[in-house]
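**Student:** So you can see what is in the structure, the chains are spelled out below.
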Amino acid sequence: MQARAMKLKPLPFRTEHGARRGDARSASPISRSISASSARFCSQWPLIGRVRFCLRSSSMAGRGRGRRAYGSDSCISRGEGLPPGLQQPTPVFPVMEQKPLPLAGGEEAEYLLALKQDFRGAMKTLPFFIKPAAAQRDVQRYSDKYHSGEQTNSLMDWNLGWRRFPRELQVHLRRRVREVPALSTADSSAPVQKKKKKKKKEEEEVLLKLETLEKKEEHEHSSDEEEGGGVKKKPEEEEGAEAEEEYDEEEFEEETDYIMSYFDNGEEFGGDSDDNMDEAIY
Amino acid sequence: MHRGTASGLEARSATEKMTAQEVRLCGLLLQEHFGEVVEKVGRNLLKSGTQNLRAIVHETGLSVDLVKKCLCVLLQHGACSFIQGRKGPGSPTEYRAHCDRLLRILRYPRYIYTAKALYGETGEIIIEELLQRGHMTMSSTVKTVADRLTQSMEEGSSMDYGEVSTIFSKLVETHFLQRCPPAAGATGGSQTAALTPAAPASSAAPTPESFPDCYTVPQVKLIGRGKRPLASEDGEDQRNAKRAKMDPETHGDEGIYWQVNFERFHQHFRDQTIISAVANKLDQTSGEIVRTMLRMSEVTTSSTASCTKPLSANEIFRSLPATSNIPRHILDQYLTLLVDDPMEFVGKAGESGGGMFIVNLNRALANLARATLESIVQERFGSRSARIFRLLLRKRHLEQKQVEDFAMIPAKEAKDMLYTLLSQNLVQLQEIPKTPDFAPSRTFYLYTVNQLPTARLLLQNCYKTVANLMERRLFEAKESKRLLEKSQRIEAILASLQASGAEPEQLTEVEEMITAPEKQQLDSLRLHVNKLDSAENQVDETIFLLESYISSATKSTS
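From first to last, the protein sequence lines stand for chains A and B.
The first sequence maps to residues -5 to 276 in this note's numbering.
The second sequence maps to residues 2 to 559 in this note's numbering.
Hints are supplied without guarantee of correctness; some may be wrong.
[Said to hold, decoys possible] Below, a list of computed lysine-lysine pairs in the DSS-like style, where the Cα atoms sit at most 30 Å apart:
#1 A:Lys93 to B:Lys416
#2 A:Lys93 to B:Lys282
#3 B:Lys349 to B:Lys282
#4 B:Lys487 to A:Lys125
#5 A:Lys125 to B:Lys482
#6 B:Lys349 to A:Lys125
#7 B:Lys413 to A:Lys93
#8 B:Lys520 to A:Lys118
#9 B:Lys479 to B:Lys465
#10 B:Lys117 to A:Lys118
#11 B:Lys48 to A:Lys125
#12 B:Lys48 to A:Lys118
#13 B:Lys487 to A:Lys118
#14 B:Lys349 to A:Lys118
#15 B:Lys482 to B:Lys465
#16 A:Lys125 to B:Lys465
#17 B:Lys396 to B:Lys282
#18 A:Lys93 to B:Lys532
#19 A:Lys125 to B:Lys532
#20 A:Lys118 to B:Lys413
#21 B:Lys520 to B:Lys48
#22 B:Lys435 to B:Lys413
#23 A:Lys93 to B:Lys479
#24 B:Lys465 to A:Lys93
#25 B:Lys435 to A:Lys118
#26 B:Lys482 to A:Lys118
In case anyone wonders, no lab produced these hints; they're calculated from the structure.
All of these numbers come straight from a predicted model, not from anything done at the bench.
Turn these sequences into a full structure, and let the hints steer you where they fit.
**Tutor:** Dropping the structure here:
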């Protein structure tokens, strides 16, 4: 019954055929007769539909074997065998009888190719390319504390024209607005130097929190005002947007006594070879 | 209020579903250009339609900050838009991704190349920067472009801002660039004074062209030259870069953002395709004539028109380029030839002024799409199947016997071919019963081909093709990831050695770190990746043609 129910297809044909009657008439006599007969039946369609449902089951025997659309084609004579049915899914890479045409070469195609690859490369360096959190190392290392700060998330530094964005996404503006009144009385250089680049990983957060607590203690000694710990904490715990400030990376790096390349553990070989020319290069 | 969605050739209603192939392709494009995090968010938006922030955070499982960043990135590039207060005031902001906008990424190289052909290197870099950044103000564009051009020039010379501004203005005049429509719902504050106040939140999305100042270049004083990046160490460079960002130089055009007008580029591509089709079918001179006609109608024809405004033969004759010495009577003969051509590119609309002629844009697109479909069938199934396909396209409904007769193919083979085409859904079977019980011996079975549904089907095939090509390319790159990284490291060493002036022996020593079979592997990898990339570009040409046809056909019937 289900399969039969799908055969209401002639209905769209009726409207279509009505529109195309002009064409059909100009075609061969066979199609003209089709149009005449179908016109007769189409007008009686609504009644016939119901009758058809009843008659279907009874005339199932007269249908032809195999799938409906295939076996019911009047051109397959009874004696011919149908091709054997498929026993398994079609192969993933079937053999192609017709080989495809070769690609168009030429200057334009090559230039377009170069443009495309350059564009992809450029997009990877822009701040719009949001890198997923770096893979977990097997062991926590001491250098993670300093490495984590190097990955800049400079999307917030990018002048994005925040007015065009909905309020809830305007992290940048809100952060600055909130920080300014709270810290207006404080030492200007003091508060905003920490928390440069906040990583989203939980372990990093813990490490960095410890770090910032250290720095907070340092700065609290230097400034006269005592800032509520909550005020400072809140901007820290907020989304890691970075307001622009007189941030100086070297000053951050001065937290340690070593240059940042000290913490390279040899996994990115090749960037430093200009420093040590006297060493042998293997 | 919506940010303006594309109109004209790419009208897609908000409720239209994205097909699985489109979602897959958009996901891959997002991954390649914006990273996996943005891909997750984008995919979620594409699949589920309109969503608010909380729902996205919940479904993707990412942190709120990350999701916010991703949404910013998508909004910046126009791939997403937001609606505020759809269910009344106080309801959360909802975001929606635009699938067709994301699919444009495939066509970026073509846009950049066209800009280069029309406006030289400056134009090329302007369009490239704007495509990379989504939208920018004029002043920041000019500065960035000038800096980039200065880098590529020799020492001592630099690019003047004025030159870049001129090209920018030219691009705006010819409508290749347009202003971004103001997002009125964003802040509720005052928008830029130049633009008219936005209409109250209505259901229709305002297109960029509905704002009168869409193509007005702001009065900006930009005096200066491009800067060369300082050749200093990294730390210092960053410090300087940070300082440069810090001093806010306002040039009087804050808040006026410019974006690339894809519609205009598509019109240009469409014109180019028509001209080259005419030139291929007839000859160069007729191509020139059609090019003149299209150029004259550039400003008078809207993007949604089905044919250009009528042009008299006198006007055409006057506007022909001076280099082509076509005498008047030859022009008339060519025009008659073009009108009589079965491809119907040019039609005659009247007799005044020596004959009024139009270019049938919709008809031309339909014919070009038909030629594409026929050629696809020919390349996949052979020329005889193509003959059957063409027959069915022209004769609409034919019986099996008629197909064999008209196509002059023996019965058995014709039957096989028809069934193959049927199984691929390129041909449909129509049953006309003679009796109400659908008895097979008393039913007519007609084969038919409908151009529009077939075009849609093949368009989806094209999307699938591009997605497959991209996946294969990513797979190849991932397989040889280790080798690629090694070669990159070697190149970095070589570059730094050369910069610090090393001896040739050291260079060769470093070069030999890559063994010969590895080099071969690298070469073959590069060849494969280039081929796959190039193939994507070429499939995109077909996609453009089919998309243009489908949108023009649905537009004219709606």
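**Student:** Does each hint fit the structure? Answer for all of them.
**Tutor:** Here is what the structure says about each hint:
1. Restraint check: the Cα-Cα separation between A:Lys93 and B:Lys416 comes to about 23 Å, which is no more than 30 Å; the hinted pair holds.
2. Between A:Lys93 and B:Lys282 the CA atoms are separated by roughly 26 Å; this keeps the pair inside 30 Å, and the hint holds.
3. Note on B:Lys349 and B:Lys282: the hinted pairing holds, with a Cα-Cα distance of about 19 Å set against a maximum of 30 Å.
4. A threshold of 30 Å between alpha carbons decides the hint, and for B:Lys487 with A:Lys125 the separation of about 21 Å falls inside it, so the pair holds.
5. Proposed proximity of A:Lys125 and B:Lys482 is supported: the alpha carbons are some 18 Å apart, at most 30 Å.
6. Distance hint between B:Lys349 and A:Lys125 is unfulfilled; the C-alpha atoms sit about 58 Å from each other, more than 30 Å.
7. Distance restraint check for B:Lys413 and A:Lys93: the Cα-Cα separation of roughly 24 Å lies within the 30 Å cut-off, and the hinted pair is therefore satisfied.
8. A C-alpha spacing of about 26 Å is found between B:Lys520 and A:Lys118, which places the hinted pair at or below 30 Å, so the restraint holds.
9. At most 30 Å may separate the alpha-carbon atoms for a hinted pair to count; B:Lys479 and B:Lys465 meet this at roughly 21 Å.
10. With a C-alpha separation of about 23 Å, the suggested pair B:Lys117 and A:Lys118 falls inside the 30 Å cut-off, and the hint holds.
11. The hinted pair formed by B:Lys48 and A:Lys125 meets the criterion: a straight-line CA distance of about 23 Å does not exceed 30 Å.
12. Simply put, B:Lys48 and A:Lys118 have alpha-carbon atoms about 25 Å apart, close enough for the 30 Å limit, and the pair holds.
13. For the proposed pair B:Lys487 and A:Lys118, the alpha carbon gap of about 19 Å is at most 30 Å, so the pair holds.
14. Pair hint B:Lys349 plus A:Lys118 does not hold up; C-alpha atoms about 52 Å apart against a cutoff of 30 Å.
15. Distance hint between B:Lys482 and B:Lys465 is fulfilled; the C-alpha atoms sit about 25 Å from each other, no more than 30 Å.
16. For the suggested pair A:Lys125 and B:Lys465, the alpha carbons sit about 27 Å apart, so the restraint of at most 30 Å is met.
17. A hinted pair counts as satisfied when its Cα atoms are at most 30 Å apart, and B:Lys396 with B:Lys282 qualifies at roughly 23 Å.
18. Note on A:Lys93 and B:Lys532: the hinted pairing holds, with a Cα-Cα distance of about 16 Å set against a maximum of 30 Å.
19. For the given pair, A:Lys125 sits about 27 Å from B:Lys532 by alpha-carbon distance, which is consistent with the 30 Å threshold.
20. Using a Cα cut-off of 30 Å, the hinted pair A:Lys118 and B:Lys413 is violated, with the two alpha carbons roughly 56 Å apart.
21. Between B:Lys520 and B:Lys48 the alpha-carbon distance is near 43 Å, which puts this suggested pair outside the 30 Å criterion.
22. Restraint check for B:Lys435 and B:Lys413: the C-alpha separation of about 26 Å stays at or below 30 Å, so the hint holds.
23. Taking the CA atoms of A:Lys93 and B:Lys479, the gap is near 28 Å; set against the 30 Å cutoff, the hint holds.
24. In summary, the hint linking B:Lys465 to A:Lys93 is supported, as the alpha carbons are separated by about 19 Å, within the 30 Å threshold.
25. A distance of roughly 65 Å separates the Cα atoms of B:Lys435 and A:Lys118; the hinted pair therefore is violated under the 30 Å criterion.
26. Among the hinted pairs, B:Lys482 with A:Lys118 is consistent with the structure: their alpha-carbon atoms are about 17 Å apart, no more than 30 Å.
Hints 6, 14, 20, 21, 25, counting from the list given before, are not met by this structure.
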